[in-house]
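Take a look at the letters that make up each chain.
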Amino acid sequence: MRSFSLIDLVSLVEALRWTVALVVLALAFGTPLALGLALGRISRSAALRWTMAACIQIIQSVPLLGLLFFFYFGMPVFLGIQVPATVAVTVAYTLYTAAFLGEIWRGGLEAVKQAQWEAGACLGLSAWQQFRHIIAPQALRLSLPPTVGFLVQLIKGTSLASILGFVELARAGQVVSAATFQPLLTYALVAAIYFALCLPLTLWSRSLEARLDGSR
Amino acid sequence: MNFLPLWRYQNQLIDGAIVTLELTVIAAVAGLLIGVAGAVALKGRVTPLRWLVRAYIELFRNTPSLIQIFIVFFVLPNFGLKLPAFEAACVALSLYFGAYSVEIIRAGLDSVPKNQIEAGQCLGLSTWQVFRHILLPPALRNAYPAVTSQFVLLLLGTSLASQVATDELFHVAGFIESRTYRSFEVYAVICAVYFAMAMSFKALFAVIGAAAFRWPRRR
Chain R
1 MRSFSLIDLV SLVEALRWTV ALVVLALAFG TPLALGLALG RISRSAALRW
51 TMAACIQIIQ SVPLLGLLFF FYFGMPVFLG IQVPATVAVT VAYTLYTAAF
101 LGEIWRGGLE AVKQAQWEAG ACLGLSAWQQ FRHIIAPQAL RLSLPPTVGF
151 LVQLIKGTSL ASILGFVELA RAGQVVSAAT FQPLLTYALV AAIYFALCLP
201 LTLWSRSLEA RLDGSR
Chain F
1 MNFLPLWRYQ NQLIDGAIVT LELTVIAAVA GLLIGVAGAV ALKGRVTPLR
51 WLVRAYIELF RNTPSLIQIF IVFFVLPNFG LKLPAFEAAC VALSLYFGAY
101 SVEIIRAGLD SVPKNQIEAG QCLGLSTWQV FRHILLPPAL RNAYPAVTSQ
151 FVLLLLGTSL ASQVATDELF HVAGFIESRT YRSFEVYAVI CAVYFAMAMS
201 FKALFAVIGA AAFRWPRRR
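Taken in order, these protein sequences are the chains called R and F. With the numbering used here, the residue at position 29 of the first sequence is 29, and numbering never jumps. With the numbering used here, the residue at position 12 of the second sequence is 12, and numbering never jumps.
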């Protein structure tokens, strides 16, 4: 047993890199997929709408922990080759992000009145132009607060990667706690770091929401 | 891929699912009580109490549930409060769910226009009558979707209790995995069980919601 020292604090902060890396990876791959899901959910083809809805429902009805384990052990089964843990974890977080953001953005897109699409069509804009110049800017404004809110969920969710042995903030906390026998100090610090990451986002999301409310 | 070796463990799976449901229901009931108390405190005039509730909400909503479970399980014993795994998970999940419930219930109450309450008072209704007949029904209807979706998230979130060795579904998965070495199959089955439970609750809530909130919707 040794006492809690500066080196432990440094190891926590260093592990934070991986927390941030997981969030960035999940967003980088998850947001394009989310946009696809959201567009699929409002498409004219009923088959496409149902498929996308089913995908979102399935992912949202399974624990994130379950998704992580499913892909961690499943990727080698599906692909027949061993993949690094980072890849499996990234796939799980990507799908998680895509499902939740997809549903949030669909809400934003549907909140823009149908007449706006029609007005665009009357002006001779193509479907893509209608989306790009008329619908998307308004939907973006509407869905920005919940999107930022989801970001907080995602940051908190990366703590689950610790269970697969991924050394991010939560895992580093477990390691330090075990080495120093000071769970109180360690977990309080870990919680404080997460809190410092998430609170600004929560406050930002709330101020965005308040601003939106006033403009309508 | 071979699912057959798992068949012997169906009793463990059912037991695990029952513990998961117990955890969910206990945390949901306790969390909703916290939610109501917190929402009342937020509406109240005692400023320090309001700050306390706000601090509680922000603290529990901006830190991972996993860390909260660890703190209750590993840190509280330092203060002489040694809880067994199941109880520790209940406490942590209740507090987590409670923090979200406060906001949901407060938003539900806030969604009722103030002039409706004033109209009730003008009709000579008592404070209780105003609450019971004017404030509560629309507040419940407006809070219902958020509460139910948060409930499903809670159901899925109980899987974290496995990390302090609560005997719930996900912990059972680890046990079966250690016996059969069929990692992928085990977690595929576990995911399917969670999926089935979550979908059943969603369907149940939809039916209840449709039956309970039938009066005309505001548009």
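If you're looking for bench data, these hints aren't it; they were derived computationally from the structure. Ideal Cβ positions, reconstructed from N, Cα and C, are used throughout, including at glycine. Among the hints, a few may not be true.
[Unchecked claim] Label-pair ranges, simulated between beta-carbon atoms:
#1 R:77 / F:213: 22 to 30 angstroms
#2 F:25 / R:36: 32 to 40 angstroms
#3 R:133 / F:203: 35 to 43 angstroms
#4 F:192 / R:204: 33 to 41 angstroms
#5 R:185 / F:58: 49 to 57 angstroms
#6 F:5 / R:211: 54 to 62 angstroms
#7 R:43 / F:4: 49 to 57 angstroms
#8 R:43 / F:196: 36 to 44 angstroms
#9 F:180 / R:137: 47 to 55 angstroms
#10 R:46 / F:78: 34 to 42 angstroms
Okay, the hints, checked on the actual structure:
At roughly 45 angstroms, the beta-carbon separation of residue 77 of chain R and residue 213 of chain F lies outside the given 22 to 30 angstroms, and the hint is violated. The hint said 32 to 40 angstroms for the Cβ distance between residue 25 of chain F and residue 36 of chain R, and at roughly 37 angstroms that hint holds. Checked against the given bound of 35 to 43 angstroms, the beta carbons of residue 133 of chain R and residue 203 of chain F, roughly 40 angstroms apart, stay inside it. Taking 33 to 41 angstroms as the suggested C-beta distance range, the pair residue 192 of chain F and residue 204 of chain R conforms, at roughly 38 angstroms.
A C-beta distance of roughly 21 angstroms is found between residue 185 of chain R and residue 58 of chain F, which places it outside the suggested range of 49 to 57 angstroms. Take residue 5 of chain F and residue 211 of chain R: their Cβ atoms lie about 57 angstroms apart, and the range 54 to 62 angstroms holds. In this structure, residue 43 of chain R and residue 4 of chain F break the distance hint of 49 to 57 angstroms, their C-beta atoms being roughly 41 angstroms apart. Between residue 43 of chain R and residue 196 of chain F the CB atoms are about 28 angstroms apart, so this pair departs from the stated range of 36 to 44 angstroms.
A beta carbon spacing of about 53 angstroms between residue 180 of chain F and residue 137 of chain R agrees with the range 47 to 55 angstroms that was offered as a hint. Taking the beta carbon of each, residue 46 of chain R and residue 78 of chain F are about 58 angstroms apart, not inside 34 to 42 angstroms as hinted.
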